[in-house]
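Going line by line, the protein sequences match chains A and B. Residues in the first sequence are numbered from 1 upward in steps of one, following my numbering. Residues in the second sequence are numbered from 1 upward in steps of one, following my numbering.
None of these hints come from the bench; they were simulated from the model. Honestly, I wouldn't trust all of these hints.
[To be verified] Chain B is nowhere near these chain A residues, computed Cβ spacing over 12 Å in every case: (1) 70; (2) 130; (3) 146; (4) 160.
[To be verified] Looking from chain A toward chain B, a few residues come up when the C-beta cut is under 8 Å (computed): (5) 186; (6) 189; (7) 193.
For clarity, every value in this text was computed on a predicted model and none was experimentally measured. Ideal Cβ placement from N, Cα and C applies to all residues, glycine included.
Here is how the chains run, residue by residue.
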Amino acid sequence: MQILLIEDDATMSGFLKEALVDEGHDVAVSGDGRDGLMLATTSPFDVLIIDRMLPYLDGLSVVQALRSMQISTPVILLTALGRVDERVRGLRAGADDYVVKPFEMAELQARIEAVRRRREIKTDPSQLRVGDLVLDRLTHSARRGACEISLKPREFRLLEYLMLHADQVVTRTMLLEDVWDYHFLPQTTLVESHICRIRLKIDRGFSRELIQTVRGAGYRISAGTDT
Amino acid sequence: MAGFRLAVLGTLFSTIAAIIVFALIYNATRIASKEELAPIIAGDRADVLSDAISDRLPLEQELRQTVAHAPSHTFYALLDARGKVLFANITMPPEPTEWSTITRLTDPQMPQGVQRIDGIGRDLPNGGFLFIGEDASVFAALNKRVAVIFAVVFSALIGIGLLASLLIVGHSLKRVQAISDASVDIMTGDLSRRIEAYGIDDELDVLTEELNRMLETIEHLVENARQVTNDIAHDLRSPLVRLHEWIKHLLKLDAVRKDPVLSSGLEAALSQTTLIISVFVSLLRLAEVEAGSLQGGFTALDLSALVTNICDEFSAVAIDAGQSLRCAAEENLCISGDSALLTQLIVNLVENAIRYSPAGGIINVTLSSDKKSLFRLEIADQGPGIPEEDRDRVFRRFVRLDQSRNTPGHGLGLPLVRAIAKLHGAQITLLDNHPGLIVRVEFRG
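So that you can see chain A by itself, here it is in the shape it has in the complex (with noise of 0.2 Å):
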């Protein structure tokens, strides 16, 4: 994926360059708002990821400059703020997702395919399907191969964003923010609670099992996986 990342600090943008070359993406790096900008224009990207704080220009305003010159370049903003109302400001501007510092590669990794992801589903399908799983999203049932699924509201919203999300790993501060809408973390069990109760109800007696964990990153929802 090419990806322009602008971020005003040396250390910052030189480990995360690292990070996201291992991964496979191209990067450009730019280190203020106007330099960035400008590159964000001139060249495609699949994924901006913009620094907050920036020199000359911060990082809202070349969000806000990109959405009005009919950019819509997917945004990842990343900040040291972590104040609540900053993320709704982030958000309002035109960033398609906030991620605050210091975060795992991981984290940022599942977001850049969410994100690059949303842009490429146009249509709103009213059906999900995950190999025999199926979720009618008019119906709000579910249905594994032949047997039908009963689903609680929030299980049903849970199973609804992996499948939205399916062969990408969603973390558990992204369930958090998106399903529950909780900008804090829990100091219990409350994802893993849930996801345990999906499984039940959708992987057990079933050879193959839809939903993985993937080890310190957060779940997946497959049908290309054996066990």
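Given the coordinates of chain A, assemble chain B onto it according to the supplied hints.
Structure of chain B alone, referenced to chain A:
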């Protein structure tokens, strides 16, 4: 009742002052009578003594004649050398050699029409003693009149004084009460509270002003201390994130991966920086809530639905911990608030209940309202509870009751809960669940 006490005390002082004035006036009439009557008495004495000599009569007979012939305003009492009464038409006063006053009280035999006799006695050359008194009824009348006027004026004065002092004292006390009310507010944490001045520049207003200035300084200092903490958290964040990234980078190096000592040491360092950063994140979040700027994002929200939803979410967690989470929420209780923050408040309390309850424990979450539109949220667990003496302390930053620090958390959870509650005007109380803890949050509907 303090006001009444002060008023009575004031009246008592003015009464004492009035009595002194009255005594002075009374004494003045006594001096006046002495100045007027003493020369007359001296003349009388000379007259009766010389008359007795010229009439060649013993003094007692001379007196008897004088009294018989002219029943005058003059009275006599004559003793011989041995103290025997030879003649008397009045009772001798107890100290006759001093200027004395005889009233009907001390001498009931006083003639009709006479109110008071003033006089003085002298030793005679033959060793006897002669007391002469003059009718001083005029002075008695004067005294009486003064007393009446005084009584009238004085009772009026006392009445007005008592009333006025009750009013003034009551008023002052109301202002003192206002100061005391403000102090209570300030002690419960509202450092921005000020005492209202009355605007008349009296001592209480001066005091109020001084107190307000003092509060200003204190608020400033506290604000400074908080600001310094927040600044540190804020400024150290970026270097810490960099440190974190450096450690992560080192952990990826082949040389490190092959060295178990180095890699486990770096893993430990990484987990410590993660911990520090999470403390700073919590600290900044707390500061953000405490600053109160989030109130702008308040919307009307259904507290009942919020509580029910969170209970639904966490009942799975409780079941996995071998506990039971029960929820009884009255429906449609709406308040104005920030739903993300209130969610965090409730989640925080429910998670605490789960974390501190033993397996098999029951956690009861209830939401109810009373007639005064006070919404009461209670989260009751069966954990170890919090001793009464620690219940205030646990809301302070970095206070953890578990000294061993084996349990996760850094003592910023409950301060955040309280800050969120305060932002929403809600009151938090910790109660005993016998056994366990009840956290009660009361919202104004």
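Open item on the list: Is the interface hint satisfied for residue 186 of chain A? The criterion is a beta-carbon contact with chain B at less than 8 Å.
Closed with: holds (6 Å)
Open item on the list: Holds or violated: the hint that residue 189 of chain A contacts chain B, with Cβ atoms closer than 8 Å.
Closed with: Cβ of residue 189 of chain A sits 6 Å from chain B, so the hint holds.
Open item on the list: Does residue 130 of chain A clear chain B by more than 12 Å, comparing its Cβ with all Cβ atoms of that chain?
Closed with: The claim stands: residue 130 of chain A keeps its Cβ more than 12 Å from every Cβ of chain B (closest is about 23 Å).
TODO: Over 12 Å to the closest beta carbon of chain B is the bar; see if residue 160 of chain A clears it.
DONE: holds (16 Å)
Task: Least C-beta distance from residue 70 of chain A to chain B larger than 12 Å - done: With a cut-off of 12 Å, residue 70 of chain A remains clear of chain B, as the shortest Cβ separation is near 30 Å.
- [ ] Would you settle whether the hint for residue 193 of chain A is holds or violated, based on the nearest Cβ-Cβ distance to chain B being less than 8 Å?
- [x] Because about 4 Å separates residue 193 of chain A from the closest Cβ in chain B, which is inside the 8 Å limit, the hint holds.
Task: Assertion that residue 146 of chain A lies outside the chain B interface [Cβ separation over 12 Å] - done: holds (27 Å)
Hint compliance for this structure: no hint is broken.
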